[in-house]
Amino acid sequence: MRASTEEGEYNDKMGILTNPNTDDTNRLVKLLQGKGGAFGLVCYLAGIVWLIFLANADYNLGTYFSENALLPGLVVENFDGAYYAEEFTKELFQLDTDYNGKIPPHEFEAFFHRLGLVETELQNYTITDLISKRKEDEGTGTNVFAVLRAKRAAGTESIVFNAPYFPKNKQISRRNLAGIGIMFALADYFRHQVYWAKDIVFLISEAHLGSLAWVKGHQEIMEDWSSSVFRFDNVHTKAGNIQASVNFIMEATDVCSLQSKFHGINGQLPNLDLVNLLNKFIVLDHEKRPDWPEADVKKLFSFMQMQSTGTPSGSHGFFLKYGIESVTLVGKTSKNCKARNPVSYSDIGRILEATFRSLNNLLERLHQSFFFYLKTTPNRFISIGLYFPPIALILFPIALKAATIWLSKQGLNTTRGLFTLMGLHAHAIFLRWVLNNLNWILLPFLTTAIPGAEIRTNVFASICGGLLLTILSFSIFLHWNVEKEIREAIYCFCLLELATGLYCLALFNPSLVVFIGVVVSPLVTFLFFWDMPEKQRYWAKALLLSIFVGVAYDWLGLDGLIYFVNKYYYESEVYGNFLFELGWIGGGVLILGVFIGGLI
Amino acid sequence: MARIGWIFVAGFLARFCLFLTNFHKIFQKRVEISTPLNSWLRVQEGLFLKGKQISPYAGDTYHETPFTLVLAECLGGLPEMGVILVFILSDILTAIILALAVEEARSFYLMRSQKESKYVAEAKQLEIKDDENYGQYVIMSYLLNPFCVMNCVGQTTTVFGNLTSAVAIYSMLKGFRWTCGLSLALAAYQSLYPVSMIFPAVICIYDKEKQKQNDKCWIFSVAKTVLAFLVPLVGFFFISRNISNDWDFLDRTYGFILNVRDLKPNIGLFWYFFTEMFEHFHLLFICTFQINAFIYVIPLTIRFFDEPSLLIYTFHVLLAIFKSYPSIGDVGFYLALLPMWKHLFPFMQQKFLVGCFFIATAVLAPIQWYLWIYSGSANANFYFGVTIAFGTAQIFLLTDVLLSFLKREYYLKHGMSKEIDGKPAGLHLR
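Taken in sequence, the protein lines are chains R and B.
Quick note on UniProt numbering: the first sequence kicks off at 1 and runs consecutively.
Quick note on UniProt numbering: the second sequence kicks off at 1 and runs consecutively.
Derived from the structure by calculation, the hints contain no laboratory data.
No residue lacks a Cβ here, since even glycine has one placed at the ideal position from N, Cα and C.
Mixed in with the good hints there might be a few duds.
[Unchecked claim] Incomplete in silico selection of chain B near chain R, CB under 8 Å:
(1) Val70
(2) Cys356
(3) Val363
(4) Leu364
(5) Leu371
(6) Ser375
(7) Gly376
(8) Ser377
[Claimed, not checked] Quick list of the computed label-pair ranges, beta carbon to beta carbon:
(9) R:Asn341 / B:Ala389: 55 to 63 Å
(10) R:Val42 / B:Glu279: 24 to 32 Å
(11) R:Lys298 / B:Asn379: 27 to 35 Å
(12) R:Leu28 / B:Ala389: 21 to 29 Å
(13) R:Glu119 / B:Trp247: 51 to 59 Å
(14) B:Lys25 / R:His192: 48 to 56 Å
(15) R:Ala153 / B:Gln44: 40 to 48 Å
(16) B:Gly77 / R:Ala153: 53 to 61 Å
(17) R:Thr126 / B:Glu279: 37 to 45 Å
(18) R:Gln94 / B:Asn379: 47 to 55 Å
[Stated by the list, open to error] Negatives, chain R to chain B, calculated, CB over 12 Å:
(19) Phe53
(20) Tyr59
(21) Arg114
(22) Lys151
(23) Gln193
(24) Asn336
(25) Val518
If we strip away everything but chain R, and leave its shape as in the complex, we get (with noise of 0.2 Å):
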C-alpha cells in the first residue's frame, strides 16, 4: 500500500522515510535482521527452562489461606459414623444386586428419608444424543437430592455434596456406591449438629452428566440450542445461593489413597482457597509421607496435560462453568489395597466434614485467592504471575518475526494481503461446515451401509473423507503463486493473529498455550528461510504442510471432531473440546498462511 511498484527511486527513498528522524529505529531494524532469529531462539529455549525450573520448589509458591473466614483444622471433628457408613454401603450393595444393577432413584429417596431429609425432590435428565463419547453418560438419567436446611442462619447460601451414582458402569464397585454410603451416614451426621449456617443438598446426580442437569435446574438456565439435545425437569426445591460444592467418589469400596480433582471444563479451575482446603485435611491426615518430590517436573507435566484437554476431570467441571467453585474428592484404590490398609470411612468421614465445616464459616463468596495458576504438589502452586513471563517468552518468538518483516520490509501489499488472509479463514470455515456436515450427511448412510458397525467407525469413516477433502483443497495452495509483496504481508499478519490467539487462549488454558506454542513457536519462525531450489522447495512444503495436517488432526484424535459432529456448543459444553479445537484449527489455519508466506 505504500508505494507503486514502478517508482523504484520512490521506494528507495521511502524506505529511509519510513524512519525519518531515528537512525536508532534503523539501527533496530538491522539488529533484528541480523539478530532477530538467534534472540527468538533464546528466548523460546529460555522459556521452557523457566517454566521447568518452575516446578521446582524454589521457585514456585508455597500454599496459603487467602480467605481468612474458612478457618480450616480449626475444629475438631467429630463424625463418628463410620459404621453406618459400612452399613449403609452393604445396604446399598445389597440392593443393586436386588433391582439387578440400577437402583431406582425412589429408594435413594426412601434413605434420606430414613434418615429424616424429608425435603427431596427427583429430577429427571434426557440426553437425545446420537454419538456420545461415554457410554454410561447416555440415555436418561434421575438426580435426587435432599436439603437440609440452616439452622442458624436464613438459608440464603447452600453447599452441595454431591455423590454420582454411576448405574451403567460395568464394575459393581465402581458405581460409587461406597461413596453413596459415607454420604448418608455423614447426611445422617450432620443433620444431628446445631452449626449449620448454610443449607446443604446432599445430591446423587446419575452420571456425570446428572450434575450438569442438576444446576442447570437448580438455576434454571434455559439456553434454545441445548433443549433438542439435553432435556432436563427445572428443580423446585431451592437451597440457598450455592457458595461452593464438593463432589465425592469412591473408585471402590476400599481405598488407598485419597485425591483431589478440580479441572473444568476448557481449562476453568476453581478458587485455589477451594483447592487448598481439600488438599490440606487430605495432606494432614492421610499423605504422611516423610519427603514430598520438591521439584517434580512430572507432576507438573500431567497437570498441563490434563488442562491442556480442556475436559473436565469430574463433575466439578460442570459446577465452575457456572460460576458455583467446586473440586471432587476421589478415593482411589490399587491393586492389594485391602492388604494395604486402607483408608477407614471415618478418616475420609472426617476430611468430608472438615471441608463442609470450613465451608459453612464462609462470609462470602470465595474469591480472594488465584483463580489462575498451576499446580505441582499439594502445598506448592504456580501463580499466574509465574507462569505468564515463560509463556510470553516461548511466543514472543511468533511476534518478534511478524515485527521483524513488518519493519524490514519495504512494500508490503497489506491490503491484499489482509483480503487474502481473509480468504483463508472463509476457506477453513467453509471446509469445517463441509465436514460437519459431511458426517451429517454421511452418518445414517453409513449406518445402514454397515449394520452393526460401531458408531465411532463410522464417525471415523466419514471423517476420513473430510479430511481427504481437507488435504486435496489445501494442496490447491500449493500450486497457487502470488506475489512476494502479497506473501510477505499474509506472513506478518498470519503470524501476529496467530501471536494474539495464543496469548489470548493463554489466560483460559496457559497449559494448551505451552503445548501449542513449543511446537508451533519454532515451526513458523525457525524452519522456513532455507534458500532452496525451486522444485525442493515445492516438495519440501508439501511434505511439512501433510505432516502437519495429519499431526493436527491426529492429536486433535475423535474428540475435536466429534465436537463439530454433534453440533457446536452441547459437546462443548460437556467435554469442552471448544478451546482445544480453537487452539489447534486456528494455529493451523494460520500456520498454513505461514507457509503461505514463508515458503510458497
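Based on these hints, arrange chain B on the given structure of chain R.
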C-alpha cells in the same frame, strides 16, 4: 468502479447475513457495542413507555433525545426487514458521504501543494498523487471494518449519529454553511460531544468563502456559521420540548451524558474510575474528565488553524476516546476516515504497534468479559486493563497522525536532508 461495486455488495451482505443470524441479538447486548446511549433495546423501551402514555424517560432506561423516539416510531411502522434495511442503507450512505468528504479534503491538499511556492523541489515525490482513489479506501474501510459492521448489526443509534456526522463533515469541507450548521446541530443535539466540531466548521467555511472573494470579512462569516449552527440547535430543543411536553429531556439526556450516571462497563475510561472513586469526589472528577474531552479543542485549533480536515479528524478521535459512553461505532467511524491520511502513512512510526494493540484488545475484551461476568475467575480490573490499553492505542494513533503530519510539512518545506550543522537531527512533536 467494479471494485467499489463489489465492496458495496460485500459490505451489504456481511451486514445482512449477520442480521439474519443469532449475532444480531448477541451484538445488541455486547457492552462494547451498545452503551446506554445508543442501545436499540433501550429505544424500544422508551417507545413502549411512550405508547403507554408514560414519559419515556421514566424508569431510567431511555436516555436519548426525543427525536430518536420519533425516528423509532417511524421505523416501528416498517416490517422487521425494513428496519434492517434502513440500518444497512444508512451505513452505506455514511460510507459514500465519507468517501466524498475525503475526496474533497484530498483535492484541497492537492490544490494547495500545486499552489504552494514554499515547498522545495525534491518534495515533489511527497505530494499526493492525482490518480489515487482515496474514496475507495474510505468506502472499503467503512463498509468492511468489523467495528462498523458490528455496530450496524448491533442496531445502535450510533449508525444514525455517524450518518449525521458524515453529512456535517462533507458539508463543512464543501463549504455548505446551512447544511453544515443543520447537520452539526443535529449531531450535537444527538450526542452533545460533536459540538466541538464547530471550530473546524467555522474555519472551513471561511476558507471556502475566501477562495471565492478574497476580501471576505472573517467576523461576518464566523458569526453566520455559528448562527447556522445555533439556530437549528435551539429549534431542535423547542421542538423536543413540544414532543415531550417538558424540559425534562435536557437533564435526562445531556445531564445523563455529563454526569455519567450509568456506570455499566464500556470501552471508555469513565466507568471504572467512577465505580472505584469515593462519592464525595464525584463532582471534581466529573469536571476533570469532561473537561478532558473538550480541552484539546482550543490548542489544537490554534496550532492547526490552516488544516481544518486534520482538526476534524483529531476531534473525532478525541471524542471517541474521551466521551462518557463511547462505543466501537465511534471508533469505526474515525478509522474509516484514516485513509484521508494515506499520504502520511510512510511517516507514521507506530502503525505496527497500534495495529497490534487494536487486534489484541479487540480479541481480549470479550474474553476478559467472559472471565469476569460468566466464569467469575477474573474481575473488573482485567476488563478495565483491556479498555485502558485500547484507549492508549487510540491516543498513540492520534499522536502518530499528528506527528507524521508535522514531519511531512517539515520535509515539504526543508527537503529530505536531516542534518543540522552536519549532524543527524531528529524531529519531535512539541
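Against the structure, the hints:
1. With a cut of 8 Å, the hint placing valine 70 (chain B) at the interface with chain R is violated, because the nearest CB-to-CB distance is about 34 Å.
2. Contact between cysteine 356 (chain B) and chain R, as hinted, is supported at the beta carbon level, the nearest pair being about 6 Å apart and thus within 8 Å.
3. For the restraint placing valine 363 (chain B) at the interface with chain R, the shortest Cβ-Cβ distance is roughly 5 Å, inside the 8 Å limit, so the hint holds.
4. The criterion of a C-beta within 8 Å of any C-beta in chain R is met by leucine 364 (chain B), whose closest approach is roughly 6 Å, and the hint holds.
5. A cut of 8 Å between beta carbons decides the hint on leucine 371 (chain B): the least distance to chain R is about 7 Å, and the hint holds.
6. At about 6 Å, the closest approach between the beta carbon of serine 375 (chain B) and any beta carbon in chain R falls short of 8 Å, and the interface hint on this residue holds.
7. Here the hint on glycine 376 (chain B) is kept, as its CB sits about 4 Å from the closest CB of chain R, short of 8 Å.
8. For the restraint placing serine 377 (chain B) at the interface with chain R, the shortest Cβ-Cβ distance is roughly 4 Å, inside the 8 Å limit, so the hint holds.
9. Remark: the range hint 55 to 63 Å for asparagine 341 (chain R) to alanine 389 (chain B) is upheld by a beta-carbon distance near 57 Å.
10. Between valine 42 (chain R) and glutamate 279 (chain B) the C-beta distance comes to about 52 Å, which lies outside the given range of 24 to 32 Å.
11. Taking the beta carbon of each, lysine 298 (chain R) and asparagine 379 (chain B) are about 33 Å apart, inside 27 to 35 Å as hinted.
12. Distance hint check: the CB atoms of leucine 28 (chain R) and alanine 389 (chain B) are about 23 Å apart, consistent with the given range 21 to 29 Å.
13. Range check, glutamate 119 (chain R) to tryptophan 247 (chain B): about 57 Å between beta-carbon atoms, so the 51 to 59 Å window is met.
14. Under the hint 48 to 56 Å, the C-beta atoms of lysine 25 (chain B) and histidine 192 (chain R), about 51 Å apart, fit the expected range.
15. Between alanine 153 (chain R) and glutamine 44 (chain B) the beta carbon distance is about 42 Å. The supplied range of 40 to 48 Å therefore holds.
16. Distance hint for glycine 77 (chain B) and alanine 153 (chain R): a CB-CB separation of about 55 Å, consistent with the stated range 53 to 61 Å.
17. The beta-carbon spacing between threonine 126 (chain R) and glutamate 279 (chain B), approximately 52 Å, falls outside the hinted interval of 37 to 45 Å.
18. The beta-carbon spacing between glutamine 94 (chain R) and asparagine 379 (chain B), approximately 51 Å, falls within the hinted interval of 47 to 55 Å.
19. The Cβ of phenylalanine 53 (chain R) sits about 26 Å from the closest Cβ of chain B, beyond the 12 Å cut-off, so the non-interface label holds.
20. Tyrosine 59 (chain R), annotated as away from the interface, keeps every beta carbon of chain B farther than 12 Å; the closest lies near 24 Å.
21. The claim that arginine 114 (chain R) lies off the interface holds: its Cβ sits roughly 37 Å from the closest Cβ of chain B, which is beyond the 12 Å cut-off.
22. Separation of lysine 151 (chain R) from chain B is adequate, the least Cβ-Cβ distance of about 28 Å exceeding the 12 Å criterion.
23. Taking the minimum C-beta to C-beta distance to chain B, about 30 Å, the non-interface status of glutamine 193 (chain R) holds against the 12 Å cut.
24. With a least CB separation of 41 Å from chain B, asparagine 336 (chain R) remains clear of the 12 Å interface cut-off, as annotated.
25. No beta-carbon of chain B is positioned within 12 Å of the beta-carbon of valine 518 (chain R); the least distance is around 22 Å.
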